[in-house]
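Order-wise, the sequence lines are chains A and B. For the first sequence, numbering that gives the first Met the number 0 gives the first residue as 0, with consecutive numbering after it. For the second sequence, numbering that gives the first Met the number 0 gives the first residue as 0, with consecutive numbering after it.
What the hints contain is simulated information worked out from the structure, not anything from laboratory work. Do not rely on the hints blindly, as some may be mistaken.
Quick partial rundown of chain B residues pointing at chain A, CB under 7 Å, derived from the structure [claimed, not checked]:
1) Val68
2) Leu78
3) Pro477
4) Asn478
5) Gly632
Stretch by stretch, here's where chain B covers chain A in the computed footprint (C-beta under 8 Å, at least three residues) [to be verified]:
6) 336-344
7) 437-449
Backbone N, C-alpha and C define an ideal beta-carbon position, used for all residues, glycine too.
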Amino acid sequence: MSTDTTFAIGVDIGGTFTDCVLLGADGSIVGAKSPTTPSDRSEGFFSSIARAAEKIGLDEAGLYARTSRLVHGTTTGTNAIVSRTGADVGLITTAGHGDVMFLMRGGGRTAGLASDEALHVFNTVKPDPLVPREMIVEVPERIDVDGDVIVALDEDATRKAVRTLLDRGAEAIAISLVWSFRNQVHEHRVREIVEEEAPGTFITCASDLVAQLGEYERTTTAIMNAYIGPLMVDYIDRIETGARERGFTGRVLFAQCAGGAITGDEARIAPIRTVQSGPVAGIVSSQLLCEQLGYPNALLADMGGTTFDVSVIRHGEPLRRHTSVFQRYEIALPMLDVESVGAGGGSLAWLDESGRLNVGPQSAGAYPGPVCYGNGNEVATVTDADVALGIINPDTFLNGRMQIDGEASKKALEAAGTPLELDAMEAAAGVNRLVDAKMADLIRRMSVLRGLDPRQFVMLAFGGGGPVHASAVAREAGVRKVIVPLPHVAAMWSALGAAVSDVTHVYQTPTEIRLPVSAEQLNEILDAQEQEARDTLKTEGFGDVEPSLSRTLRMKYAAQVFDVDVPLAPGRIDDERCRSIEDEFAKVYTELFGAGSGYAEAGVVITNVTTRATVTTPKPTLPKVDQADAEAGVTRTTRPVYWAEDGAVRDTPVIRLEHGVFGGQLEGPALVELPDTVVVIHHGETATFDDRGNLVVDIPA
Amino acid sequence: MTLQATSATGTSTPDGIIRNPQVDFSAIEPGAWDGRDLPYLPRIDLDVDPSLQLNTEFDRDVDPITYQVLRSRFWNLNLDHSDTIKRVSGSANIVYMDDFNTSLLTENGDTIVCGPSVQYFTGHGDMAVKWTLENRSANPGIEDNDVFLQNDPYIGTEHQMDTMMYMPVFWEGGLFCWILSNTHMGDIGGTDPGSFCIGAQDIYSESTPVPPIKIASRGVLRDDVVEMFTRKSRMPAQIALQIRSQLAGLRLTRERMHQMLEEHGAAVVKGAMRRMIKDCSETVGKRLLQIPDGKWTEVLYVGSAGPDDRDVHRLVTTVEKRGDRLIFDNEGSDPQFYAANAPFSAWRSSLLSAGATLFGYDQYNCPAGVADHMEFRPVAGTMTCARYPAAVSTLTSSIVTVYLASQVLSKMALAGPEHIRKAANASGGVSLPGWWVASGLDRKGNFVAELTADSLLGSIGAFPTRDGVDTGGAWWWPNSNAGNLEEWESSLPILYLFRREQIDSGGAGKWRGGNGLELAVVPHKTDGLVTQIVSSDPAINTSPGLAGGLPGHPGNFLARLSTGVKDHLSQGTMPANRTELEESFGSLDRLSPKSVTNLTPDDVFCVEYSGGGGFGDPLFRDPSLVVEDVENGSLTVDHARQHHGVVIDGTELDGEATASLRRELLTVRLSSAAAPRQPAEGTVDPGSVRLVSDVLGIASTSDGPSWACGECGQRLGSVDQNYKEGAAVVDTNPFEVDPIAYPDPSDFCDVPFVLRQTLCPSCGVCLNAECCRADDDLLHDISLSESGLSMLGH
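Given only the sequences and the hints, what does the whole structure look like? Please build it.
See below:
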């Protein structure tokens, strides 16, 4: 890498390591890792950058001086919500409706549970409230469906409410009123009163965050935002100040859950947008990769210690959703669509009361972890199965960073198999088959509701377990090609995604427009959104950049519940365009829900108009791999591996890659050992490196 | 040909072939029981036309891993079936309310997997498929790629709106299995929009039931049949779409099933299906064997069962447990009445789903394995087992049978060991089969009418070791969703004044039932709103507790007319709960559960939905939990005092005052009770009492086994007699106990109705609490048989 280039820096903080990626303007990518520092994550943040600087032979100041943007994917907010260590939030809401978060629309008992867990009635409870009832105050006011004020806001009561909440220890205030997205006047007036009564307190207005129907989702989103508000403001301060103190004069940005990045100022107001931004940044990397490899459709499969997470790129765009269940509460934020099932390396193999072997969803996690870690868990896990089968070599596990006990894995599998009259190998192969089937079941299920055909998708495999299990899962689900992306960068995929993230603003206007719509109606909304986007970007210092504007209409058949996003081509809307909107909608609806599934008789409604304004940063072109490097870091050996296909142990070719690629084609059965994972190539499959350095496994139909 | 269970390759029991006939025809009324006059009861050996080839071959020794892979595939395949229906129909009924179910059945109609949506549908599919095999295999024949539709409650469904579509899957020339869905359809005709025909005296006034008919023949959807069916509806296009969605679900599932068969072979796939039944049956059987044998009875009542009805109707379910076998009867249920009846299939399905929830919760919802332990002895012509042509559309008794089932089986489970009894669950959820339909002109002048879904914000009753779930929905409707009020205000011309958890509405108990919901609406931006209530009387149709826990608030329909509410709102006043509403406008009037009211914008309409029943005597609830409830806003200080005897000073527990108040309340309770009819002398060591409920149990005495109080050791009489004979009994008008939680029975009913508490005559602990007609004899609800007593060491 040339040291006179300019850089974008991406940093992603994981549970154990903080990853930093330097992205050169010449397309070069350099990564570095540093331990995560849970007490103050900003320390690990800056150390990782310092390490990266070291790697390219610059001092810290030198690197910062050459860096234009520093993008951070942070889990600080997510962690605070998961561990319930956020602020004491006071909620101000409409009189008569203070229980919205408790009611959970009635479905809360089973929200976020696996489908079969709902059958265990005695195990179903609602999650602990995010705000106790004594911290919820209702104020007289009411706005109706049209945004008309039916009951004026009682300002005295509001003032009293604020004082009550402060007296009870509120550290942040969430304001969520019924129908506020149709008329913000009351929420904004309440905000003013809170500001007067408690200057400096962190405040969230639900309608500023979520402009869509659904008081439950707006309220939970506003509460979570306020909950992490104070600590996120503090954290963002530390990152920005720290960067400045180190001489950085460029932009500090934060990755967000809808993809793209936001400024620190916006993240201070809407920190909830940073939750899940790490995994989402990984999807951004994948999108870039797919674009450059020419795969418009991809399933992104990430198998970690506890869960298997799948997201989807279709027609080159990641699938998004407007609401998601997060920590068992439904929140409304434009997020990338990720589905999970409890299947990971730490998933436990156990016998149920009927004597059947099950894998997960209970997991030994990272600690105590699999039996082979020797930390006290004695129940076999998926990783133990991989070790017992010979797929994972105890001597080179995690590149030799961790000593594991392969014999202990075998013993645990033997114990698991005995009641079923299976030997250790059969049991291990069985555990693998079960976990693979579970992952394939998830992919099949995802494809039904989303109208996907897995045969038209490639699968990108991530995580410690992804490459180990991907080809088996793919075959079972009907996918024909698995790609292990840039093995030496994949471990820093989220940091890379952060580095390439564009500054993105999303403007949503809720509507209730029944077709036919006039050009005037749409242009009025679109123009206002564009103006707002330009104004905001200008205040953020992007005034001289022409933003890319993508506009969508969210539409539905009036008598049906599913709404879909219908893209609007760039340019001004005229009446002719308006007339084609219904057909465009019908086309999208049919693609997603099948022919004949639209109930057109009751009419079509536009429920939301959205403009995404993006300041596009130049994307690196993944450099071609220098074939001269091929075989440089390659060790070829064999070792005994148990293959279920053979029902026997077979001496199996193993290619170990310290770095670089191997040349030619590798026929399965074979293993490719990478520093952090192993790629399993089954019988009949072939593996090759493409010219960008991705390992591609082809699966015969 | 007769489909002989023993003709398959399996010969030993249990091998997943159901050999339990479920019905002993010699024990019930003689008759055809073919779904024409008497309801359909399938025989163990189905009468299938020999022209129909059945693919019955199965591998009895599927390897354990393949079995688990296939088992998970069946579950997920069935979820895919559900998802496809959701996706194509896009109907709020299906997607949000989850008012449907899908299932997978063996070639002879045993259900191996049911989805996690509405659970009371789980016992209808096998009835429909078995009837079809017996009655349609010769004419018109059952062929590959055919699809049947049926909604005949006398064959198998809740009411006509719950319409089933199902298809045989053929493989290698034989019928291999069935796939099936049952969805609630919005309107399929009858006298009332929405097809709940309150005034129907017989089924001829309701939507005509359709016995199994071929709606698709060899892959071609028959337009004639579709139009015959949709023609009845006020919304034919919507019904046609729902039919399309069910068809799409079936086709996808058939394709997936073919893939599985291709991959694994028919014998292995069927082997896995049979093994699921076997596993479920064995596991349920193992659990049942740990419960002592005996007999348990539950009685629930219905008021306002038809127009102008002021009677109280009795609905009964009894279970006799012998080893791993459960024999159910409905003897004592009152004669069928208007459209309030449950078909046999609903009564059975309720028992199957309650049985699966209590004893087969880890079996991927495999009703056939549960049914393997059940025998049914229906008495036809009753509200719990209608005889043709009784009307059934309102679901009134069908939903009551769900709670009869969960109550009677929970009572039974309480006699079992801890891991079994913990699942016992008091009533709640949609315990009141009550809905309301709102209609009127919306703010744009369009006519709108909708069945509201707020009832799904009822609650879960208490368990033996934990509280119920506030506004947790119904146990048998796990993934239902009542929606945001903003969605309802978008579609209906209403404005909610409040929609909130109703404080104090859960039944008091050692563990309390979940609180239900209260809401008030006013007509908004319209000249008027018509509210039609489809319910029975909540004062009679209660939400009972278990083991001495009090009933939850069953719900209520109320109104206050000409309030001047609009002026109040414009002046900035906002009543935020029922108390504030009544303070502003005066007390609310109860509405008849069958009433239609024309509301003006000045009227307020108020609805409350099921609190859950409590578990155990409320005076024995851990006081710190009561304090926590008050702190959390779930209970008022007054309720804590009155029902739990807990005195709270500010926010602190007054321990001494609590102890003394509790003593006092027990004394008052006892002094107001009638003395035992057959007092038993003597006490035993309370620690020696083997509990079969919460504190009620059995102890050894020199006179043999005796009922005894586990709290103080007081003997309650020989186990040969009803323990209530040896107990003190207090009858009170529930309305006087708590006028909000227990509406006044005399409002809409001429039969005196009481809350009857059975007390230990010595210490006063409540052994049982139930509501009944004042002139009812003491209900003999628990008895243990000789084998049951010997299991308990007697």
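Each hint, compared with the structure:
1. Restraint check, valine 68 of chain B versus chain A: the minimum CB separation of about 4 Å is within 7 Å; hint holds.
2. Interface hint at leucine 78 of chain B: satisfied, since its Cβ lies 6 Å from the closest Cβ of chain A, which is below the 7 Å cut-off.
3. Interface hint at proline 477 of chain B: satisfied, since its Cβ lies 4 Å from the closest Cβ of chain A, which is below the 7 Å cut-off.
4. About 5 Å separates the beta-carbon of asparagine 478 of chain B from the nearest beta-carbon of chain A, less than 7 Å, and the hint is met.
5. Hint status for glycine 632 of chain B: holds, given a least beta-carbon distance of 4 Å to chain A, under 7 Å.
6. For the region 336-344 of chain A, the stated coverage by chain B is not satisfied: 0 residues place a CB nearer than 8 Å to a CB of that chain, which falls below the threshold of 3.
7. A count of 6 residues in the region 437-449 of chain A with a Cβ less than 8 Å from any Cβ of chain B is obtained; the coverage claim is therefore met, three being the minimum.
Comparing the model with each earlier hint shows a violation of hint 6 alone; every other hint is respected.
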